[in-house]
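Student: The residues making up each chain are set out below.
There are 2 protein chains.
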Amino acid sequence: MTGSFRGVSAFPLTPLRDDALDEDAYGALIRRLAASGVDSITALGSTGSYAYLSREERRAAARIAVENAGGVPVFVGIGALRTSQVRTLADDAQDAGAAAVLLAPLTYQEHTPDDVFGLYADVAAGLSVPLIVYDNPRTTHFTFTDELYGRLAELPAVASIKIPGIPGGAAETAARLAAIRTHVPERVAIGVSGDATAAAGLIGGCDVWYSVIAGLLPAPALTIARSAERGDADAALAESARLSPLWALFARYGSIRVVAAIAEHWGVATRSSLPLPMRGLDDDARAEAVRVVEELGLHPAS
Amino acid sequence: MTGSFRGVSAFPLTPLRDDALDEDAYGALIRRLAASGVDSITALGSTGSYAYLSREERRAAARIAVENAGGVPVFVGIGALRTSQVRTLADDAQDAGAAAVLLAPLTYQEHTPDDVFGLYADVAAGLSVPLIVYDNPRTTHFTFTDELYGRLAELPAVASIKIPGIPGGAAETAARLAAIRTHVPERVAIGVSGDATAAAGLIGGCDVWYSVIAGLLPAPALTIARSAERGDADAALAESARLSPLWALFARYGSIRVVAAIAEHWGVATRSSLPLPMRGLDDDARAEAVRVVEELGLHPAS
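Residue numbers (the working numbering), protein chains in the order written: chain A, 2 to 303; chain B, 2 to 303.
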């Protein structure tokens, strides 16, 4: 397992203002994360709206993230529909100082496994930083198999795989990881996503948590991760259970919309910070999200 | 029903060569279609790989299509993930001389119906040509409801809706259309896609066939459509049945890959004409596609 791919990787929003990158808000968001103690920051993940942004916006965001991260490793999402676009974005991310790049196989026409392997192989060939394979079937509609994980893990650049949340508890996670590990060597860090099941994921043996919530609320995410790291499963699960009203909102509205609504309420981002046509939460759902974070005692310094 | 939205609209490939638009091949493809007697040409549809191409490539393709269409109306696909990108592409398409624009609600984060309505409303507000709503759940993973069709049909710019292929025969199509027509007025042309069921779709009352096969093989598509138009259902269905080996290939490999393999075999496009990571058919499937078109007596002048 490579050193950077452990603990909590925080996935911040990329706030827009009047349909353009809000550079000040983004820089401030990154500085808050850098000061929070997260292990890495993943700029331009799904929560960072990478798929909607132009090359120029992504280049600017990568630069701002690295400049404001105070030495915390910054991973940068480079996904796009076409291989040549991804390669260009990879070059830009490396030029900006990314410590690693994150790549999901975006789809329009359905991919074959060979298409996806070819994408990763072509991109990996041009990289000088590690590559994180980003398996996010909700957004890509591509289904990885463990065999494909194994083929990808043979690419020397591949240092981590971000897997979807694993239903169940720590035992189910451990069983799932054992299955993956028959194809993927230990040198490749397995990172869990799906915040609601991440505590169980870390207790069950995942190396890193690719976390939406840590992008805005690093403190409770770190409580979960540090508890799991020191073997205190009860404390990790208790903190996750305490946050369950938030997980319920994520399941109902989508985590990006919930996190954006909270950020906008706190003034960390201005209203309509998501790229249209994503409208964000309506007023009722927004009020519900605000009520949940207030009842949980979460605030902008969390 | 607006005059242009009838008969056969041909969806050509947008061939690449060394990962760049093959302008000569594309111009020649458009001229063949214009001479074939199709009622319209839809440049940059799904088969035209619009989602993978840059703004510059799409602007060039729209211009080439209009310049080589000899007065046949050219519709241009303007889909992109972000509303502001779509608006820019719409302006470009109109500047190039598009007779209409075609818009699918591309997704990364899941859309709400209000997101999609907002997208169409925002884009329609800036248009001076008609808008075709492109419902393609296989590529967008968004599911339209008939109620949403109805809301969209209230936008004055919306002149047509391209619906997915309807399983079953002409009776099922007529029933489906009747259901749609309770929401969508007659002034909005309903166009069927899904080549395998298009004969039944036209006989069942669809106004236009948005056709993949017509983009490379306009003759058999026109045989089907003209038979249906003159009320000869038997002839339309017989020609569609004759082409069933081709429909089987489409179902198995995806129509874009099959059509690209045939075009490449005929030299209408050069090998690897699809944007990577789409690798196209492997050698066995390619040989199978060539055998099917040869057994059907189809050739580059079809």
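These aren't lab readings, by the way, just hints derived from the structure by calculation.
For each residue, glycine too, the CB sits at the ideal point set by N, CA and C.
It is possible that some hints are incorrect.
[What the hints assert, rightly or not] Covered by chain A, per the in silico footprint, the following chain B stretches (three or more residues, Cβ under 8 Å):
#	stretch
1	128-142
2	160-168
3	242-249
4	273-280
Student: Check the structure against each numbered hint from earlier and tell me which ones fail, lowest number first.
Tutor: 2, 3
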